[in-house]
Amino acid sequence: MWFRNDLRVQDNRALVEASKRAQIDQEKKKYLFGLYIISEKEWASHDEAPIKIDFWMRNLEKLRESLGKLNIPLIVKKAGTKAEVVGLVESTVKDHGVSHVFWNAEYLVDEMARDAKVKEALVKLPGTYVEEFDDQFVVPPTDIKTKIGEHFTSFTAFSTTWHNLVETDPKFLKLSEFPSANPDTAQQLYAGLFSATIPTLPQHTLDEEDVERLYPAGEDIAHKRLDAFMQEKIKRYDITRDCLQEQDQQSLSPYIVSGVLSSRQCVAAARAVNNNKIIVGSNGVKAWIKELVWRDFYRYIALAFPRVCKNHAYIAFTEHLRYSNDDRKFQMWCQGKTGYPIVDAGMHQLNATGYMHSRVRNIAACFLVKDLLINWQRGERYFMSNLIDGDFPANNGSWQWCASTGVEGQPYFRILNPLTQSQKFDPSGDYIRQWVPELRNLTDKQVHDPYHSMSAKDFGKLAYPKPIVDHAEAKKKYVDEFKRVLAQK
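Take the sequence shown: its letter number 454 is residue 454 in the UniProt record's numbering, and every next letter is one higher.
Read the hints as simulated data drawn from the structure, not as lab findings. A quick note: this is a predicted structure, and the numbers were derived from the prediction, not measured. Keep in mind that the hints are not guaranteed to be accurate.
As a list, the in silico EDC-like pairs of lysine to aspartate or glutamate whose alpha-carbon atoms are at most 16 Å apart [unchecked claim]:
1) K20 - E131
2) K337 - D327
3) K466 - D480
What follows is a list of derived Cβ distance ranges for each label pair [what the hints assert, rightly or not]:
4) K117 - V280: 45 to 51 Å
5) T160 - N325: 37 to 43 Å
6) N283 - V109: 36 to 42 Å
7) V479 - V280: 38 to 44 Å
Note that CB positions come from ideal geometry on N, CA and C, so glycine has one too.
Build out the structure end to end from the sequences listed, making use of the hints.
The following block contains the structure:
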């Protein structure tokens, strides 16, 4: 079983099928092995965040422990280059006399190309078979098409079909059974593998204790968080999701993105607390499930329209937009020094914790593109390289939505006003005070817009930057530029 973005034992389709195969082949003294390949250069090429890689490694250790209880050894190898991954899988198969190789499909361009090369190499080996399973989607992409067999490009239509399929066909939320254990003899035969340690990697620069407190590793922790969310918060999710005072210190997204929890497990749990319904019932449950549908949708778009995986806009003509790409302003945005408190608070949260409230992600993204006139791709990469829950399809889709370049993107003339967004979603200013300490002692009115609500003398005492752009002027520039491109379409 080749583990990748599925670091769990429960509800893991490829693992269960590999386990069944091992049970069939027990008389031939065949055992189930796990394989994981550390591929730092591949991860770097995809802008994977150091904090996310650290989360993977901590969960990999927990996975090794869980597999060990099932007498299943986990082989961990390290690839020097992306190309070495193919050879490492092939050599592992040869070295251990493996007859069947199982994995869960990945759907992005580079990953699909890699898997095709691995499969091509393995099937050439005598007596070697490869089996691949749909596991990342709740509804596999082959099951969700328009009436004429085409890919959906409308989220509303996609969501309606998705909900109808999941509501009426139990197979989509059927969780995989728990894998069977290898015979106890595996512990002696492969003692060296069971005692092997996972290679250490360069650390992120964030506070280690804070990171492990905020994002502890393991399936057990993930399920405790999921259960707590179902008991306490999901019923109010539609009301609280945009409220910055209700920051989620028990976020599930890192566990879902890294495959410690499956999307099926999440939807099934939500359905269970909603009288086994997903279309009707609690508004909070429906709103949370909708977030998981968006996750499926963006992954579906990346598969159906692979150009979005290649640094291109979904809407081709928007690639003619002329951005200023001011490096100084980009760095000020990255560092949370824009002079717009809500934007700066979000960037400080991201840089300090590897996480940012979802509402603030949209505010910060829209500000970078439409106020600073900086290409969305630069912001997309910055988020990916810092987020513990960075997921390429969702991150790319969300950035293109904010930039009005993506599938069902917001209209180009809809430009979020950072001041009104701040006043609406952080009315007390507590989120800003937490992440912008220079503003901690300001009144509720001042904290949202200190430059315009304070005297020049008092503002000068804050050691806080004045706004780097005028929002009204920046908005006009962006709208005029988009109109220019539209006219040439």
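Hint check results:
With a CA separation close to 13 Å, the supplied pair K20 and E131 stays within the 16 Å bound. A threshold of 16 Å between alpha carbons decides the hint, and for K337 with D327 the separation of about 13 Å falls inside it, so the pair holds. Proposed proximity of K466 and D480 is contradicted: the alpha carbons are some 25 Å apart, above 16 Å. For K117 and V280, the hinted distance range of 45 to 51 Å is satisfied, since their beta carbons lie about 46 Å from each other.
Remark: the range hint 37 to 43 Å for T160 to N325 is upheld by a beta-carbon distance near 39 Å. For N283 and V109, the hinted distance range of 36 to 42 Å is satisfied, since their beta carbons lie about 37 Å from each other. In this structure the supplied range 38 to 44 Å holds for V479 paired with V280, their Cβ-Cβ distance being about 40 Å.
Violated hints amount to a single one, hint 3; each of the other numbered hints is respected by the structure.
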